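**Student:** Protein chains in written order, with the working numbering: chain A, 440 to 874; chain B, 440 to 874.
Don't read these hints as lab results, they were simulated from the structure. Keep in mind that this is a model prediction, so the values were computed, not measured. Here a beta-carbon is modelled for each residue, glycine too, at the ideal position from N, C-alpha and C. Any given hint might turn out to be false.
Said to hold, decoys possible - Pairwise CB distance ranges (calculated):
1) B:L485 x A:P483: 53 to 61 Å
2) A:Q581 x B:T467: 25 to 33 Å
3) A:P866 x B:Q482: 37 to 45 Å
4) A:H620 x B:G634: 55 to 63 Å
5) B:S873 x A:V834: 50 to 58 Å
6) B:S873 x A:P866: 38 to 46 Å
7) A:R529 x B:E638: 30 to 38 Å
Unchecked claim - Computed footprint of chain A on chain B; a stretch qualifies when at least three of its residues, placed anywhere within it, have a C-beta under 8 Å from a C-beta of chain A:
8) 531 to 539
9) 544 to 558
Chain by chain, the residues run as shown.
Number of protein chains: 2
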Amino acid sequence: MPLLTSHQVLDIRFPTSESLDGSDAMHTDPDYSAAYVILRTNQPGLEGHGLTFTCGRGTEIVAATADVLCRMLTGTSLDSITQDFAGWWRRLTSDSQLRWIGPEKGVIHLATAAVVNALWDLWAKVEAKPLWKLLADMPAEQLVSTIDFRYLADALTPAEALAILKANDPTRNEREAELHHTGFPAYTTSTGWLGYPDEKIIRLVREGIAAGWNHFKIKVGANLEDDRRRAALVRREIGPDRKLMVDANQIWDVPTAIDHIRALAEFNPWWVEEPTSPDDVVGHAAIAQAVAPIGIATGEMCQNRMIFKQLMQLDAIRFCQLDSCRLGGINECLAVMLLAKRFDIPVCPHAGGVGLCEHVNHLIMVDYIRIGASLENRVAEYVDHLHEHFEHPVVVRNARYLPPTAPGYSITMKSTSLRDYAFPQGPVWQRKLSP
Amino acid sequence: MPLLTSHQVLDIRFPTSESLDGSDAMHTDPDYSAAYVILRTNQPGLEGHGLTFTCGRGTEIVAATADVLCRMLTGTSLDSITQDFAGWWRRLTSDSQLRWIGPEKGVIHLATAAVVNALWDLWAKVEAKPLWKLLADMPAEQLVSTIDFRYLADALTPAEALAILKANDPTRNEREAELHHTGFPAYTTSTGWLGYPDEKIIRLVREGIAAGWNHFKIKVGANLEDDRRRAALVRREIGPDRKLMVDANQIWDVPTAIDHIRALAEFNPWWVEEPTSPDDVVGHAAIAQAVAPIGIATGEMCQNRMIFKQLMQLDAIRFCQLDSCRLGGINECLAVMLLAKRFDIPVCPHAGGVGLCEHVNHLIMVDYIRIGASLENRVAEYVDHLHEHFEHPVVVRNARYLPPTAPGYSITMKSTSLRDYAFPQGPVWQRKLSP
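My request is simple: use the sequences and hints to build the entire structure.
**Tutor:** Shown next as structure tokens:
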């Protein structure tokens with residue numbers, strides 16, 4: 440049985456700020472990055488890889504934190520972890536001294552995600568299955584046993600989670616077959632970054648329509664006039680039937696959000712994403728009530744299952760955009776997907792960044808096969824960049840994610856990318872940083 | 440005018456886990472620690488000192504983060520910061536790349552507190568006033584101008600904040616004089632740490648009563664039988680009129696909290712502190728409604744002003760226990776104190792730890808003189824340890840905090856303590872860590 444013997448944590452950065460890919464109202468010049476974890480074992484060549492997405496500066500802080508967490512695992516057998524995964528997850532997130540600097544939020548939770556995702560990658564590789572298939576085949580009781588239900592009792596108990604899985608079990612093979620055949624619907628954010636000029640947006644939307652995309656998202660929040668012009672422009676290009684989504688990236692306070700969304704209503708947005716602070720559950724509820732039937736979406740910066748629980752309890756979101764690295768890895772993603780099922784809210788995961796599409800590809804398969812079990816109002820984000828750095832990049836065809844086939848969590852980066860983009864010592868950064 | 444020329448960040452740890460001082464249901468073995476910031480200037484001997492409290496492991500992560508933030512300040516004049524303090528606060532908390540690893544929560548916000556508090560310490564030293572006096576004398580408009588009101592518009596506007604201050608201005612000198620004369624009421628947590636045996640608690644309670652204390656807090660949450668025994672024991676010792684508070688340190692989920700608090704009701708707790716996750720605003724509201732008239736208190740792990748805003752909007756807390764280092768320094772503490780005034784909730788700050796009593800001493804003076812302007816249901820935490828490491832330790836007499844007199848924010852540690860307790864290179868740790 441594999442034993443965790445050592446680890447390595449890397450700070451990998453891509454200089455995306457040069458082209459303003461990924462620019463939005465709050466993140467004007469991101470260098471898409473990753474704190475990247477490698478868990479080594481006593482079996483030659485058998486490694487678990489995991490990452491958490493970051494935006495450049497600060498990656499070194501998350502990497503240092505992941506290193507601290509990895510040390511808790513050294514000398515442990517993978518078996519002893521997977522047989523008590525909820526217990527280990529609690530140990531990683533609730534260390535009696537470390538929890539003060541979280542708990543379960545921000546830096547330490549991002550680092551937890553990288554480490555926990557590397558454990559799942561390793562487990563799936565040992566089982567010689569892609570991660571989604573490991574979870575698709577797992578007995579319901581075992582899947583529930585991986586989740587730490589702390590603080591969820593007023594919304595979701597283990598028994599309720601088990602009932603959800605059991606109810607879906609008889610039909611899960613049909614949904615798995617369907618995914619192999621037609622994939623899971625995706626939408627694109629590649630068209631509307633805030634830094635792009637109008638002509639570039641028009642060109643990208645037209646290319647997107649030609650490639651079969653039916654959902655288009657644009658960034659808003661710089662100023663109302665620009666936002667209205669860009670929304671009108673995209674709506675004109677996509678026609679009345681395709682979906683337009685807008686994303687404010689937390690730029691507004693609650694009253695401004697309500698005014699601004701009402702001023703965009705004529706362009707018929709399907710959802711408005713991150714209208715205000717991701718911490719403001721009550722604010723999201725107020726906005727949702729004021730702008731209905733326009734749906735409110737959030738999640739990429741929602742720090743843990745407790746925030747999602749409250750967003751659902753207060754009927755504050757119509758779409759749950761959980762983030763595979765903001766939450767503390769697969770175990771907590773499963774908890775949030777189960778919560779969403781309980782509250783009948785579609786899960787439309789956040790992606791883009793570095794490796795998030797690769798992660799999300801597995802999560803949506805698991806959600807459809809075992810938890811949400813519906814495609815209604817489901818659409819997973821897709822951004823077409825940085826996939827070339829992964830050994831098993833995501834496959835999207837006809838605007839649909841196809842099930843991954845390689846064993847693991849699809850997060851292993853090519854060794855050349857790990858070498859070239861290492862910060863600051865890799866050759867790409869040495870060239871950029873040299874005077 | 441002082442110019443910020445360089446900085447130093449230290450990792451200072453006290454081996455408090457040896458005696459279980461500070462032990463509670465979630466933090467079973469804390470080593471009370473600090474990420475400690477020194478901002479140096481072009482004026483010899485003029486330095487700003489600030490810290491954020493931590494629990495041992497993880498201090499190095501917060502210290503590394505504070506170092507990143509300090510670098511943003513180098514070369515800036517203190518004047519240019521204090522003349523646009525809200526703007527600088529926003530710059531520190533909203534860096535377009537760094538905010539991804541927060542924003543405004545956990546590691547990065549704890550680090551922000553240390554840096555921002557050091558700036559205020561420096562400003563007060565330049566003005567040759569204790570920090571509370573700098574704020575007591577400041578024109579209302581200037582005080583409001585230090586606050587970043589982002590995400591508060593649905594609960595508190597700058598105009599409303601100004602109106603609160605203006606309404607209190609005519610009587611502020613009376614309250615200041617009163618504080619000099621009689622101080623601000625305190626309560627003690629030194630008696631009831633979870634790791635203490637019953638006999639030690641009895642002895643400490645009796646000593647506390649003899650020293651004039653009227654409020655006693657005990658830790659609960661290990662198991663109901665123990666909690667009932669300890670609550671009964673303390674209630675018997677203090678009699679029916681003194682106040683008993685209990686602190687669960689987030690151990691319960693919502694239904695368990697309700698059951699457990701009801702089972703403690705016969706001992707008449709004045710408040711129950713941290714019944715569940717600090718992130719669960721909706722859960723606190725449910726608990727508060729179920730256990731009234733017992734008051735719910737929380738705050739030491741409430742990550743920012745948005746969480747306090749919601750706790751107040753949902754009527755989820757009867758006592759606001761803001762933490763001077765969990766929030767992003769004085770500027771955000773002022774915002775939360777103003778919110779509390781708007782919602783008529785007493786501010787009873789969290790203290791203890793390392794240096795928190797020294798911080799809190801200033802905050803309660805400012806709150807009474809300029810914002811809350813009442814002593815009703817106000818009581819500030821006091822824990823009698825680690826004060827000997829500070830150059831100007833807090834003075835508590837007859838169970839009341841007295842106004843600090845030395846210029847600054849009272850956070851400068853003795854150079855011998857900074858040397859001896861530096862982790863891991865200080866002699867105290869070298870002795871402990873050597874085999």
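**Student:** For each hint, tell me whether it holds in the structure or not.
**Tutor:** Results of checking the hints against the structure:
Under the hint 53 to 61 Å, the C-beta atoms of L485 (chain B) and P483 (chain A), about 59 Å apart, fit the expected range. One distance hint, 25 to 33 Å for the beta-carbon pair Q581 (chain A) and T467 (chain B), holds here, with the actual separation near 30 Å. In this structure the supplied range 37 to 45 Å holds for P866 (chain A) paired with Q482 (chain B), their Cβ-Cβ distance being about 44 Å. Between H620 (chain A) and G634 (chain B) the C-beta distance comes to about 60 Å, which sits within the given range of 55 to 63 Å.
S873 (chain B) and V834 (chain A) have their C-beta atoms about 56 Å apart, which keeps the hinted 50 to 58 Å range intact. Checked against the hint of 38 to 46 Å, the C-beta distance between S873 (chain B) and P866 (chain A) comes to roughly 42 Å, which is consistent with it. Checking the proposed 30 to 38 Å range against R529 (chain A) and E638 (chain B) shows it holds: the Cβ atoms sit about 33 Å from each other. Counting residues of the segment 531 to 539 of chain B whose beta carbon lies closer than 8 Å to any beta carbon of chain A gives 7, which meets the minimum of three for the stated coverage.
Coverage of the segment 544 to 558 of chain B by chain A holds. Counting CB-CB distances below 8 Å, 6 residues qualify, and the rule asks for three or more.
Checked against the numbered hints given earlier, the structure satisfies every one of them.
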